[in-house]
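Those protein sequences? They're chains A and B, same order as listed. One point on numbering: in the numbering used here, the residue at position 146 of the first sequence is 146, and numbering is uninterrupted. One point on numbering: in the numbering used here, the residue at position 263 of the second sequence is 263, and numbering is uninterrupted.
Just so you know, the hints here were simulated from the structure itself, not pulled from any lab data. Do not rely on the hints blindly, as some may be mistaken.
Computed far set for chain A versus chain B, every beta-carbon distance over 12 angstroms [as the list claims (entries may be wrong)]: (1) Glu-10; (2) Asn-39; (3) Thr-115; (4) Pro-273.
Computed list of lysine to aspartate or glutamate pairs in DMTMM-like fashion (alpha-carbon distance at most 25 angstroms, straight line) [as the list claims (entries may be wrong)]: (5) Lys-42(B) <-> Glu-275(B); (6) Lys-454(B) <-> Glu-152(A); (7) Lys-431(B) <-> Glu-152(A); (8) Lys-72(B) <-> Glu-29(B); (9) Lys-54(A) <-> Glu-43(A); (10) Lys-69(B) <-> Glu-231(B); (11) Lys-73(A) <-> Asp-410(B); (12) Lys-248(B) <-> Glu-394(B); (13) Lys-260(B) <-> Asp-240(A); (14) Lys-65(A) <-> Asp-414(B); (15) Lys-434(B) <-> Glu-152(A); (16) Lys-248(A) <-> Asp-234(B); (17) Lys-73(A) <-> Asp-414(B); (18) Lys-144(B) <-> Asp-278(A); (19) Lys-73(A) <-> Glu-411(B); (20) Lys-227(B) <-> Asp-245(A); (21) Lys-65(A) <-> Asp-410(B); (22) Lys-431(B) <-> Asp-267(A); (23) Lys-393(B) <-> Glu-113(A); (24) Lys-261(A) <-> Asp-234(B); (25) Lys-260(B) <-> Asp-267(A).
Owing to the predicted nature of the structure, the values given are computational and were not obtained by experimental measurement. Yeah, the Cβ is synthetic: ideal placement off N, Cα and C, and Gly gets one too.
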Amino acid sequence: MAKKNSTTNEGIAVMKTYKIFIGGAFPRSESGRYYPVRNGSDELIANVCLSSRKDFRNAVVAARKAQAGWSAKTAYNRSQIIYRIAEMLQQKKELFVKEMKDLGYTDRRARDEFTASVDYLVHYAGWCDKYVQVFSSVNPVASSHFNFSVPEPMGVVAGFASNESALLGLLEAFIPAICGGNTSIVLASEDHPTCAISLAEVVATSDVPGGTVNVLTGSRKELLPHFTSHMDVNAFLIWDTEAADSIKIGQEAAENMKRVKFYNSQDSAVLSPQRIIDLQEIKTTWHPIENISGAASGY
Amino acid sequence: MAKTKKNISWDLSPAPESAGHVTIDKRYELFIDGKFVPPATKKYFKTVNPATEEVLSEIALAGDKDIDKAVKAARKAYENTWSKISAAERGKYIYRIARLLQERAREFAVIETLDGGKPIRESRDVDVPLAASHFFYHAGWADKLDYAFANTSPTSLGVVGQIIPWNFPLLMAAWKIAPALACGNTVVLKPAETTSLTALKLAELIRDAGLPDGVVNIVTGAGDTGKALVEHPDVNKIAFTGSTAVGKMIRQSLAGTPKKLTLELGGKAANIVFEDAAIDQAVEGIVNGIYFNQGHVCCAGSRLFVEESVADEVIRKLKHRMNHLIVGDPMDKNTDVGAINSKGQLQTIEKYLKAGEKDGFEMYQSQAAIPKKGFWCKPTLFTNVSQSSIISKEEIFGPVLAMQTFRTIDEVIDKANNTPYGLSAGVWTDKGSKIFNLTTRLQAGVVWANTFNKFDPTSPFGGYKESGFGREGGIHGLSAYLNFQG
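Construct all of the structure, not just a fragment, from the sequences and the given hints.
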């Protein structure tokens, strides 16, 4: 934490309180619990929230409430908002590099991951108004109907970010979801929580409507059954699952047929629209056409 | 005009389809590795014509050993032949199946109706032609998959286990087998125990088409047979169509395994009629939505929502139309509503009729006379049902419609989406912008606007939420049978 002998002409440094991000606000955990995060020299960096089941449930309520509005925004608008996150992030480079180094990153690794994170945002910002075109179809049915299939957001997506990474891993856990009109709840890397909360502060100042993205910090082990069993969550994402967990996840997710995606931190293909389509349903719409090519119009 | 005598009967004369050209063997064995073989269980079960309760044939009951044999045959065929031949050749085999099925269409339609109870008009005009078209459509995909999924290098999965229901026996077999084969997989398919015959006839046809032994295996039996297939360690993927309850069990049993899964489960579709709809066409759509195939349709429009201002008119016209539905002999070409598929299903439906009456909702049944033998349920309409009642929440899978009224668009969308299911929905209005408002906001995999219960091999089918995941048909359906890089 703060060096006791801060230089006198700068005054005593004001330290940041790291809180969680729910519904556009930054509350502390309702449980009042915390866990300490320390740097390589075993100095306290922060006490971050040890989020509870109730915090998660509050986040789901916020995400559900925000979902209709977020998915109703034009794709162009969503694209600009995600681009805005990149703009807001870019100007805080030194903050994030410092935070990553406090969490044990080398300077080089921190700078590389920061650059990759900004690039990631710019890449997905561009997908918002394109993936629908790539994954849609007009289907030539053998009757007099106009028939087309388009991807639609699943709804509320909850995810456990990769534990391996401080910044990019967190983005992977919610950016493809919100690109596609879903709203999101992410549990930050348990080992790298401070960066995640700073990113939440970036998101909060990027015109992302409250509740669209919600970020919790806490224990993966404790929160896993709550994430997978919640009946109002449409999809669950997780990185680097252990075999025993994957059985439990599949069993609990079956109750409301939650869609589950298992990803691997070593996967290189993070810049893929497949990550967006993983969180979309395909909807097919039929409508009669009056009499083309002699076929009777079938109501 | 000349005076005519009173009491003219406007009833149609019987127009029975002949079953004379159809042969149904006394006994059917399992189709494994290109041959019909007796089951290791040495057990057989009877299959019954639900319209007459006559036994049609007896069917081999596959046990664990038989499933293992079938999966081994499928694995061997995958490794030795099916994954070795070119994609174009694979496609040519599937084209052959489509053509042979078209040639034998009448025979398949008759057997489908005898074994399952659906009207011959539907098996002749819907089930069999659609089944053939599914093979024909997917055959052409076999050598074009790289175009369907750019930059992803699609590859086959291996051995696929498929379990299908009794409501569209042959059609569901085609929905499952055609894309699986086109994508380069081999198949072990289990039909439903009350409707095995057309799947076994399809096995004969596949043998006649000269497909390499073991590429398609058909194993018959009930739930335990399906369970053995799901749990077999050498199956790479399970595709299941059936009830949501069984779908959940399958998913739980596969949790933590590398097996892929797609599920096409139950539904409780909203069919929404606005006051500006073409009411006569909407009434046709309501009838087609719920009474088609005796309501044994997962995407049936079983919840009817009518705008309050036209509710009386819709009810009057609907009852009139219901009374003109001919219920009875499925082999009669005039029949609209055939036999309920099994005694068990009839009991389930009757349980729901009682529940609806007990809740105090107004029940109306068509005036049709029904045969004494066999399993029958008259087309039924419940009006003024409540959103929370059993008959508007649970899938009945019979000719039972639960109607509510509404006043505003937001209200009806809330009501329509307030269900754990999300397979299909319907909307009737003459206003284009209203159609797109509704079709966008209804949470369902298939939305029919000013039509209902239409199906096509090019059109992806499948659900949201507890109606399952994955699509069947169209370019999107192929991804259920492929692995991708990236």
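So, going through the hints one by one against the coordinates:
With a cut of 12 angstroms on Cβ distances, Glu-10(A) stays outside the contact zone with chain B, its closest approach being about 49 angstroms. Even its closest Cβ contact with chain B, about 37 angstroms, leaves Asn-39(A) beyond 12 angstroms, as expected for a residue assigned away from the interface. Under the 12 angstroms C-beta cut-off, the non-interface status given to Thr-115(A) relative to chain B holds; the minimum distance is some 22 angstroms. Against the 12 angstroms criterion, Pro-273(A) falls within the reach of chain B, whose nearest CB is about 10 angstroms from its own CB.
For the hint linking Lys-42(B) to Glu-275(B), the alpha-carbon distance of about 60 angstroms lies beyond 25 angstroms, and the restraint is violated. Of the supplied pair hints, the one linking Lys-454(B) and Glu-152(A) holds, its CA atoms being roughly 21 angstroms apart against a limit of 25 angstroms. In summary, the hint linking Lys-431(B) to Glu-152(A) is supported, as the alpha carbons are separated by about 23 angstroms, within the 25 angstroms threshold. Restraint check: the Cα-Cα separation between Lys-72(B) and Glu-29(B) comes to about 18 angstroms, which is no more than 25 angstroms; the hinted pair holds.
Between Lys-54(A) and Glu-43(A) the alpha-carbon distance is near 30 angstroms, which puts this suggested pair outside the 25 angstroms criterion. Distance hint between Lys-69(B) and Glu-231(B) is fulfilled; the C-alpha atoms sit about 14 angstroms from each other, no more than 25 angstroms. For the hint linking Lys-73(A) to Asp-410(B), the alpha-carbon distance of about 18 angstroms falls within 25 angstroms, and the restraint holds. For the hint linking Lys-248(B) to Glu-394(B), the alpha-carbon distance of about 16 angstroms falls within 25 angstroms, and the restraint holds.
Among the hinted pairs, Lys-260(B) with Asp-240(A) is consistent with the structure: their alpha-carbon atoms are about 18 angstroms apart, no more than 25 angstroms. For the suggested pair Lys-65(A) and Asp-414(B), the alpha carbons sit about 14 angstroms apart, so the restraint of at most 25 angstroms is met. Restraint check: the Cα-Cα separation between Lys-434(B) and Glu-152(A) comes to about 18 angstroms, which is no more than 25 angstroms; the hinted pair holds. Straight-line distance between C-alpha atoms of Lys-248(A) and Asp-234(B) comes to about 22 angstroms, which keeps the hinted pair within the 25 angstroms bound.
The straight-line distance between the Cα atoms of Lys-73(A) and Asp-414(B) is roughly 20 angstroms, inside the 25 angstroms bound, and the hint therefore holds. Between the alpha carbons of Lys-144(B) and Asp-278(A) the distance comes to roughly 23 angstroms, so the proposed pair stays at or under 25 angstroms and holds. Proposed proximity of Lys-73(A) and Glu-411(B) is supported: the alpha carbons are some 22 angstroms apart, at most 25 angstroms. Among the hinted pairs, Lys-227(B) with Asp-245(A) is consistent with the structure: their alpha-carbon atoms are about 23 angstroms apart, no more than 25 angstroms.
Taken as a hint, the Lys-65(A) and Asp-410(B) pair is honoured in the structure, with Cα atoms around 16 angstroms apart against an allowance of 25 angstroms. A threshold of 25 angstroms between alpha carbons decides the hint, and for Lys-431(B) with Asp-267(A) the separation of about 48 angstroms lies outside it, so the pair is violated. For the given pair, Lys-393(B) sits about 50 angstroms from Glu-113(A) by alpha-carbon distance, which is inconsistent with the 25 angstroms threshold. Between the alpha carbons of Lys-261(A) and Asp-234(B) the distance comes to roughly 22 angstroms, so the proposed pair stays at or under 25 angstroms and holds.
Only pairs whose Cα atoms come within 25 angstroms are accepted, and Lys-260(B) paired with Asp-267(A) is accepted, the gap being roughly 19 angstroms.
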